[in-house]
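Chains A and B are the protein sequences, given in the same order. In terms of the working numbering, the first sequence opens at residue 1 and continues consecutively. In terms of the working numbering, the second sequence opens at residue 408 and continues consecutively.
In case anyone wonders, no lab produced these hints; they're calculated from the structure. None of the values given here were measured: they were computed from a predicted structure. Certain hints may be false.
Cross-link-like lysine-lysine pairs, in silico, BS3-like; alpha carbons within 25 Å at most [unchecked claim]:
1. A:K142 / B:K549
2. A:K220 / A:K315
3. B:K666 / B:K652
4. B:K794 / A:K142
5. B:K601 / B:K652
6. B:K718 / B:K794
7. B:K600 / B:K616
8. B:K549 / A:K129
Spelled out from the first residue to the last, the chains are:
2 protein chains.
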Amino acid sequence: MGLIVQKYGGTSVANIERIRNVAQRIIKYYQAGNDMVVVVSAMAGVTDHLIRMANQITENPNPRELDVLMATGEQTTVALLAIMLEDMGYPSVSLLGYQAEIITNPAYGRARIIEIHAERIRELLRQRKIVTVAGFQGCDEKGNITTLGRGGSDTSAVALAAALDADVCEIYTDVDGIYTTDPNICKKARKLKKISYEEMLEAASLGAKVLQIRAVEFAKKYNVPIHVRSSFSEEEGSMVVREDKDMERFVVTAVTYDKNEARITLTRVPDRPGIASKIFTPIAEEGILVDMIIQNTRQGGLTDLTFTVPKTDFKRAMAIEEEVARAIGAENVMGDEHIAKVSVIGVGMRSHTGVAVTMFSALARENINIMMISTSEIKISCVIEEKYTELAVHVLHDAFGLERISR
Amino acid sequence: MGLIVQKYGGTSVANIERIRNVAQRIIKYYQAGNDMVVVVSAMAGVTDHLIRMANQITENPNPRELDVLMATGEQTTVALLAIMLEDMGYPSVSLLGYQAEIITNPAYGRARIIEIHAERIRELLRQRKIVTVAGFQGCDEKGNITTLGRGGSDTSAVALAAALDADVCEIYTDVDGIYTTDPNICKKARKLKKISYEEMLEAASLGAKVLQIRAVEFAKKYNVPIHVRSSFSEEEGSMVVREDKDMERFVVTAVTYDKNEARITLTRVPDRPGIASKIFTPIAEEGILVDMIIQNTRQGGLTDLTFTVPKTDFKRAMAIEEEVARAIGAENVMGDEHIAKVSVIGVGMRSHTGVAVTMFSALARENINIMMISTSEIKISCVIEEKYTELAVHVLHDAFGLERISR
Numbered sequence: 001m002g003l004i005v006q007k008y009g010g011t012s013v014a015n016i017e018r019i020r021n022v023a024q025r026i027i028k029y030y031q032a033g034n035d036m037v038v039v040v041s042a043m044a045g046v047t048d049h050l051i052r053m054a055n056q057i058t059e060n061p062n063p064r065e066l067d068v069l070m071a072t073g074e075q076t077t078v079a080l081l082a083i084m085l086e087d088m089g090y091p092s093v094s095l096l097g098y099q100a101e102i103i104t105n106p107a108y109g110r111a112r113i114i115e116i117h118a119e120r121i122r123e124l125l126r127q128r129k130i131v132t133v134a135g136f137q138g139c140d141e142k143g144n145i146t147t148l149g150r151g152g153s154d155t156s157a158v159a160l161a162a163a164l165d166a167d168v169c170e171i172y173t174d175v176d177g178i179y180t181t182d183p184n185i186c187k188k189a190r191k192l193k194k195i196s197y198e199e200m201l202e203a204a205s206l207g208a209k210v211l212q213i214r215a216v217e218f219a220k221k222y223n224v225p226i227h228v229r230s231s232f233s234e235e236e237g238s239m240v241v242r243e244d245k246d247m248e249r250f251v252v253t254a255v256t257y258d259k260n261e262a263r264i265t266l267t268r269v270p271d272r273p274g275i276a277s278k279i280f281t282p283i284a285e286e287g288i289l290v291d292m293i294i295q296n297t298r299q300g301g302l303t304d305l306t307f308t309v310p311k312t313d314f315k316r317a318m319a320i321e322e323e324v325a326r327a328i329g330a331e332n333v334m335g336d337e338h339i340a341k342v343s344v345i346g347v348g349m350r351s352h353t354g355v356a357v358t359m360f361s362a363l364a365r366e367n368i369n370i371m372m373i374s375t376s377e378i379k380i381s382c383v384i385e386e387k388y389t390e391l392a393v394h395v396l397h398d399a400f401g402l403e404r405i406s407r
Numbered sequence: 408m409g410l411i412v413q414k415y416g417g418t419s420v421a422n423i424e425r426i427r428n429v430a431q432r433i434i435k436y437y438q439a440g441n442d443m444v445v446v447v448s449a450m451a452g453v454t455d456h457l458i459r460m461a462n463q464i465t466e467n468p469n470p471r472e473l474d475v476l477m478a479t480g481e482q483t484t485v486a487l488l489a490i491m492l493e494d495m496g497y498p499s500v501s502l503l504g505y506q507a508e509i510i511t512n513p514a515y516g517r518a519r520i521i522e523i524h525a526e527r528i529r530e531l532l533r534q535r536k537i538v539t540v541a542g543f544q545g546c547d548e549k550g551n552i553t554t555l556g557r558g559g560s561d562t563s564a565v566a567l568a569a570a571l572d573a574d575v576c577e578i579y580t581d582v583d584g585i586y587t588t589d590p591n592i593c594k595k596a597r598k599l600k601k602i603s604y605e606e607m608l609e610a611a612s613l614g615a616k617v618l619q620i621r622a623v624e625f626a627k628k629y630n631v632p633i634h635v636r637s638s639f640s641e642e643e644g645s646m647v648v649r650e651d652k653d654m655e656r657f658v659v660t661a662v663t664y665d666k667n668e669a670r671i672t673l674t675r676v677p678d679r680p681g682i683a684s685k686i687f688t689p690i691a692e693e694g695i696l697v698d699m700i701i702q703n704t705r706q707g708g709l710t711d712l713t714f715t716v717p718k719t720d721f722k723r724a725m726a727i728e729e730e731v732a733r734a735i736g737a738e739n740v741m742g743d744e745h746i747a748k749v750s751v752i753g754v755g756m757r758s759h760t761g762v763a764v765t766m767f768s769a770l771a772r773e774n775i776n777i778m779m780i781s782t783s784e785i786k787i788s789c790v791i792e793e794k795y796t797e798l799a800v801h802v803l804h805d806a807f808g809l810e811r812i813s814r
């Protein structure tokens with residue numbers, strides 16, 4: 001018995017039948033004596049429909065008003081779920097963002113939670129109500145509706161769990177946990193019983209789409225245990241928790257890949273102070289996110305500079321850099337859209353040596369050429385030719401023995 | 408130049424193209440220097456869709472949660488309208504019920520407005536914003552969402568006009584004003600330039616569906632001039648205003664009809680004190696609304712009692728009364744579903760005599776039998792056979808010279 005925050009994503013509440021299943025699951029926990037707070041997303045497809053309506057008017061809807069529109073999606077789900085629970089005979093109260101007093105900054109469309117006044121929820125829990133909360137939304141200090149950005153319901157749930165000091169925050173999705181790698185590619189992939197916040201953050205930023213990065217950051221900051229699991233089965237999923245000794249036994253925990261980046265290289269750039277700023281400022285001004293950057297010094301005061309950008313921004317970035325190259329006197333601009341980034345992640349790296357060597361040799365044995373390398377304390381990423389992605393995932397999964405992992 | 412509150416109904420905002428037309432109309436008034444507050448309903452069909460979703464779960468959804476669900480309809484429209492206005496280059500801010508501080512009692516689904524704190528709207532108007540407000544919704548003192556019942560957006564608009572001391576409240580619908588009678592039945596029907604609150608109240612309760620009764624009551628109480636007009640034309644509509652001398656020149660202003668009632672008669676009822684209570688209490692307990700009641704005393708301590716109920720409740724009411732008749736020793740219960748009520752309305756009745764005589768003789772000339780009569784200070788209603796409805800409307804319209812009315 002304890003206080004449980006559950007979050008159900010769009011596919012879990014896609015229609016009335018699924019909302020009924022969700023309600024039954026909630027009731028099971030409630031009947032066991034737990035206090036229940038349930039966060040829901042918009043029904044699958046609703047958010048896209050709302051955006052399409054706004055785009056029928058304009059490509060650039062007013063951000064404040066777009067948030068008012070978007071907030072109806074979660075409002076619909078939370079009301080339907082409360083109606084369902086009440087109809088099944090369980091006392092339930094729905095709260096919208098402003099009613100749950102989820103206070104955010106006024107950055108419409110990508111607001112950040114500043115604080116949650118959880119007293120109203122606590123009072124409802126004392127009355128043994130099942131509290132259902134509209135995810136993805138909050139309000140600023142003036143009472144304007146704000147939304148937290150795509151996937152923001154994860155963040156709503158974790159923030160509520162932190163504010164209420166919940167025992168666990170269960171995130172229900174359409175996958176049943178976090179795997180050592182993508183099971184669609186590698187049949188040997190194993191579900192992890194637990195993964196550290198740090199590893200999850202790296203995995204999320206490296207292409208794993210299970211949890212929103214900000215939700216994990218929030219959980220880490222307030223030490224909220226997250227349980228990622230499927231709403232379509234009873235199986236235990238994966239726990240995202242604080243790092244413990246046990247985790248260090250394994251050098252590497254997960255292999256991820258990302259095919260959404262492209263590579264741009266400027267050759268024979270005159271190597272003067274301020275040159276990097278000239279190359280990256282115009283890209284940043286266009287709102288293009290640069291991921292990896294590598295600079296090789298050549299002889300004679302010249303340097304080659306390579307970086308990656310999202311594939312969707314590739315053409316714009318190339319056009320910008322061709323102008324930059326002319327302005328700064330670089331020799332050439334080369335682009336490559338057919339790349340992928342494969343990464344190995346694990347807190348065990350901190351205490352084990354030779355991880356990079358194992359990774360590089362494993363790739364080399366298959367004649368996979370490494371174009372770029374980037375490392376952090378707990379991950380190593382290599383850019384390779386896109387066509388080798390699946391092969392690389394297999395050999396790295398094997399090389400680090402992930403099919404035998406037990407945690 | 409002044410302060411104008413406009414209200415657009417569901418058909419006026421049924422799709423993006425119509426919302427664009429509405430925005431253009433608003434801008435025309437705004438550019439002329441007026442302060443604009445605009446109340447919108449849910450897009451046509453949306454409210455029914457939301458009810459259907461709730462009814463997929465249960466026939467009796469929790470009232471609080473149903474209001475949370477229903478409120479999304481107007482929220483969607485108000486956001487889209489504000490997005491449209493902003494995109495056209497006009498500063499606009501949308502407000503939901505709680506943001507406009509429309510405070511109601513907590514009677515979910517049929518809440519009544521207690522007060523409106525209009526300071527926020529006034530401040531926005533001072534900044535020359537076009538304020539768009541979600542109709543039909545408010546919040547109770549605890550911040551729970553409430554709705555005002557079907558057609559409640561009319562009430563929202565009139566209440567806001569009263570709170571802001573607006574110069575006029577324009578109600579845009581799919582008809583272009585208030586007519587002396589239904590133009591679909593009587594080609595001679597004329598649009599009224601103005602009609603008094605009292606007449607409008609009688610007309611609304613006698614079957615005219617242009618304005619919600621509570622909106623008219625509100626307008627009367629706070630003396631808000633209502634302009635009923637069409638969003639599909641530029642033509643002037645009809646003003647609903649305080650009674651003036653001019654109005655008394657005409658004996659009768661409008662002829663209405665209502666085919667939605669049925670008649671029930673109990674014959675030879677023992678005429679004892681408390682007998683009426685025995686007849687009507689079980690009907691009231693079932694939530695059935697009784698409209699007209701007529702009692703004829705017979706000789707020998709017996710009486711015949713006739714009353715009307717909505718046709719949709721006729722079968723239930725008959726079943727109840729058959730039991731009642733047995734219990735109180737009445738002779739018989741007779742029902743008739745094929746009746747209609749025709750009425751003439753006009754504040755001029757107060758100062759003119761012989762209105763009833765004119766009405767009865769006009770019907771008699773066509774051999775239309777009058778089954779029941781009911782009068783108020785400014786209206787006379789007769790129940791007749793349903794098949795004579797259209798004929799009765801024609802002869803009454805002629806008898807009171809309504810095709811020549813000029814007001």
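How the hints compare with the structure:
Of the supplied pair hints, the one linking K142 of chain A and K549 of chain B holds, its CA atoms being roughly 17 Å apart against a limit of 25 Å. Distance check on the hinted pair: K220 of chain A and K315 of chain A sit about 37 Å apart at the alpha-carbon level, beyond 25 Å; violated. Between the alpha carbons of K666 of chain B and K652 of chain B the distance comes to roughly 33 Å, so the proposed pair goes past 25 Å and is violated. For the proposed pair K794 of chain B and K142 of chain A, the alpha carbon gap of about 60 Å is over 25 Å, so the pair is violated.
Of the pairs offered as hints, the one joining K601 of chain B and K652 of chain B holds, with about 12 Å between alpha carbons and a cut-off of 25 Å not exceeded. A distance of roughly 16 Å separates the Cα atoms of K718 of chain B and K794 of chain B; the hinted pair therefore holds under the 25 Å criterion. With a CA separation close to 18 Å, the supplied pair K600 of chain B and K616 of chain B stays within the 25 Å bound. At roughly 17 Å between alpha-carbon atoms, K549 of chain B and K129 of chain A fall within 25 Å of each other, so this suggested pair holds.
Hints 2, 3, 4 from the earlier list are contradicted by this structure; the remaining hints agree with it.
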